[in-house]
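K.L.:
Going line by line, the protein sequences match chains A and B. Take 2 as the starting number for the first sequence in our numbering and just add one per residue. Take 98 as the starting number for the second sequence in our numbering and just add one per residue.
Please note that a few of the clues may not be correct.
[What the hints assert, rightly or not] As a list, the in silico BS3-like pairs of lysine-lysine whose alpha-carbon atoms are at most 30 Å apart:
1. K478(B) to K405(B)
2. K128(B) to K214(B)
3. K520(B) to K92(A)
4. K128(B) to K211(B)
5. K678(B) to K56(A)
6. K520(B) to K56(A)
7. K405(B) to K214(B)
8. K56(A) to K92(A)
9. K478(B) to K561(B)
10. K736(B) to K708(B)
11. K56(A) to K736(B)
12. K520(B) to K86(A)
13. K336(B) to K474(B)
14. K678(B) to K708(B)
15. K336(B) to K405(B)
Derived from the structure by calculation, the hints contain no laboratory data.
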Amino acid sequence: MQDARCKSQVTGHRSLDAWWAIALLVGVIASLLVIGVVAAQGGTVTDDQVNAIAKRLNCPVCENVPLDVCETQACVQWRDLIRQKLAAGEKPEQIINYFQTTYGDRVLQEPPRQGFTGLVWILPFVGLVAGMAILVVVLRRMTARPAPVQLETAPSESADEYRERLERELKELG
Amino acid sequence: MVSDIGLIAVLLAFASGIYAIIAAVYGARNKRDDWAMSARNAALVIAPLLTLSALMIIYSNLTGNFRLEYTSHVSSRSTPTILKITALWGGQNGSLLFWSWLMSIFVAGVMLRKWDKNRDLMPYVIAVAEITQTFFLALVVLFANPFAKLWQTPAGDIVGAVFGASSLFTPLSSLGFSGIAQTLFAPLGSLPFTPADGQGLAPLLRHPGMVAHPPFLYLGFVGFTIPYSFAMAALITGKTNDDWIRTTRRWTLMAWLFLGIGLLLGARWAYDVLGWGGYWGWDAVENAALMPWISGTAFLHSVMIQEKRGMLKTWNMFLIILTFAQVILGTFITRTGIISSVHSFARSSIGVPFLTFTGVMLVGSIGLLLARLDDLKSENKLDSLLSREAAFIAQNGLFLIINLAVAIGTYFPIFSELLTSNKITVGAPYYQSVVGPLLVPLVLLMGVAPLISWRVASPQALTKSALYIPGPITAVALVIIFVLGIHNPMALLGLGLVIYAGVIIAVEYVRGVRARHKTTGESWPIALWTLVGRNRRRYGGYLVHVGIVLMGVGIVGTHFYQQETQQALAVGQSLSIGNYKVTFRQLELVPSGQADKNIISARVDVSENGKFLTTMRPYQEQYTNGERMTPPALLGSMKEDLYVLLGGWEADGSLATFKVFINPLVNWLWLGGLMFIFGTLVAAWPSAAEERRAVSVERRALSANAAR
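Just need the whole structure built from these sequences, with the hints factored in.
P.N.:
Okay, structure coming up:
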């Protein structure tokens, strides 16, 4: 917008006196400098930096699509917003927080680890511990007696004995 | 109208299904063989009837019969012929019919092949299988009818209804059957409506991968109905020995294979079409298909213990019930979109019937299982914690935990939305950090388990066979990998484990072949051939493990070492990624040959370490309806894929944005997929010896009868 307005002034007032012309020139140079600085700042924000943050967010429209790979208009705008915020010097965590507080938890690829949603992280480990406990109980119940050392079923694996075992199993199966 | 033939056929199939259930149960309870035979015939006739219906949908799509609501949704005049055919499963209503059709073929196959072998189980197998079949046909007829025609209501709306305007519409709706009313009837005064053209399939679904992916997935889903039906029949009749497992072993293996192929095709489709650099996004719909495969894998392993040692009978019943429940839930999730939002579930016409069926099925199966617990007592005790049996049990536990973790991630958003009205997303990071670590002990077990003998294993012998040869080979391989530049400890652990498992399998093969070569004097290749041929199940299983090993290499490579960059390039500028340099040369409009599609292609030159390699052409397809597709241009080798996407561009072609990935070792994944298919086929291939044994069992049974 700034740019367009400046342009229309330059083309619209050709018959101004010298002072005005000088003032305008200074103004134009100043605004060009400002634009240049802003552009240089924006230029330091690479697509990769934007994507690194977008990866941790979701597309606002599509289900479960990370923001960095989505091509919908909404996602393009969000990525531009990330770029602007990076250019303005915001830290990645600030930007993620901004999206989370504005749009809710669903914009996060990883659900928050506190509160109710923290359960999603805890439950698998509860399951793992419970599963291992059940496994131990079941295995103990299934085990009849302490394992006897049965020499005939615990062969030392010399080539001959292995061959024998193999042949025995082959016979069993075939 | 010709499509009415299809409608009549579906209605007849529905009626046959109901009749088959009643006749089968009546015949079994009253020991009336004629009723059981009649039920069998009713079940058999569903297959040709549904074949006819499916053909009628295809015919309607081919001839552009846009009066039919379904055809007008999934087909259009400009749709290519092949897609008009595959549009049979391109939308919800057609895919439910397709599901039912595949199921009827599976059931008919079982009836024809296994009728005489398992006579006592069969009536109940029919009853259980036909309950599922009839449920799906009820959905097709009453809630999602692909033969509904289009009508214009007096209010001007366009609606689909099977029978058109009827005075039954209002009373049915007011009685609470609005779903059924809307499927069958249109409001009074509605007039036939035929649009000039159909909408056609969504662009994303036009890819060959998407054409082949659903049928395999459905074949897998449907296939698990067979072992489930036999399991339930075994519970009902009280014949809870391992007959049902032996009879359905191959059917289960095929269902598992189809589901696996479906998953692989889905992954390949995502990689080739979605353009995000990966192949597995842990999306709810993907997970829905993965979960029955996981529990099915546990089942395939644990039935071996029952066959060999008569143990884990209850557990196997539980696993097949779980697998089948996850199949039904998987279809349900895919078709109702409940995960994306509880509200889309409410909007879906099939949500409530599906949930009801799943509930009834679970309560019924678990109830039966509990009633038969006494019959399912183990015939043997576990001799030692260091035995093949114990290893299998531990492996089963791990599979179930992984299944649970995936289920928690998949279903948690529903509960979060219902209980706290906080919508959340559980994305890939959750699954990677929870499932990843669980794969470590699983792969270790996969490697070591074949070395642990049944009943009791000696620790000394095990240590020897597990370490002496595989240990040093794995260590040497790891050193080489380290020197090649892989230093991430997690990646080294992962690669070390899969290499270790692979080496053990190789050693098993070499030992087996050498033993045959020595004892029989066969030449090496012949010895290999007969070794595998005589033990297809064992050595085919090993090949499946080799497939998993290869896939593991690909997964480790892409997970730990994927690189990506995105840059806007002016003509002549280049970007660097890894050792590659990608230079933008030109943007061009390519004729697409389709009216609703534009193709914009970029020419880029690729060099590696300063040496020109090739020219690649990433492109974007733009559809007039606003959809876009960005398939990658690929430069692949066993080392890595260079994956180049055209992201965007300036209208004058001076500037274009590229997203470039390096996916290390990704092709090992696809190779592993092929090995998985090959290995499963080897394991499932009927062997002459097995057939002979089956015949001799029958003969014995016959002579026993004669003696009596």
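K.L.:
Hint by hint, where does the structure go against what was stated? Just the numbers, ascending.
P.N.:
none
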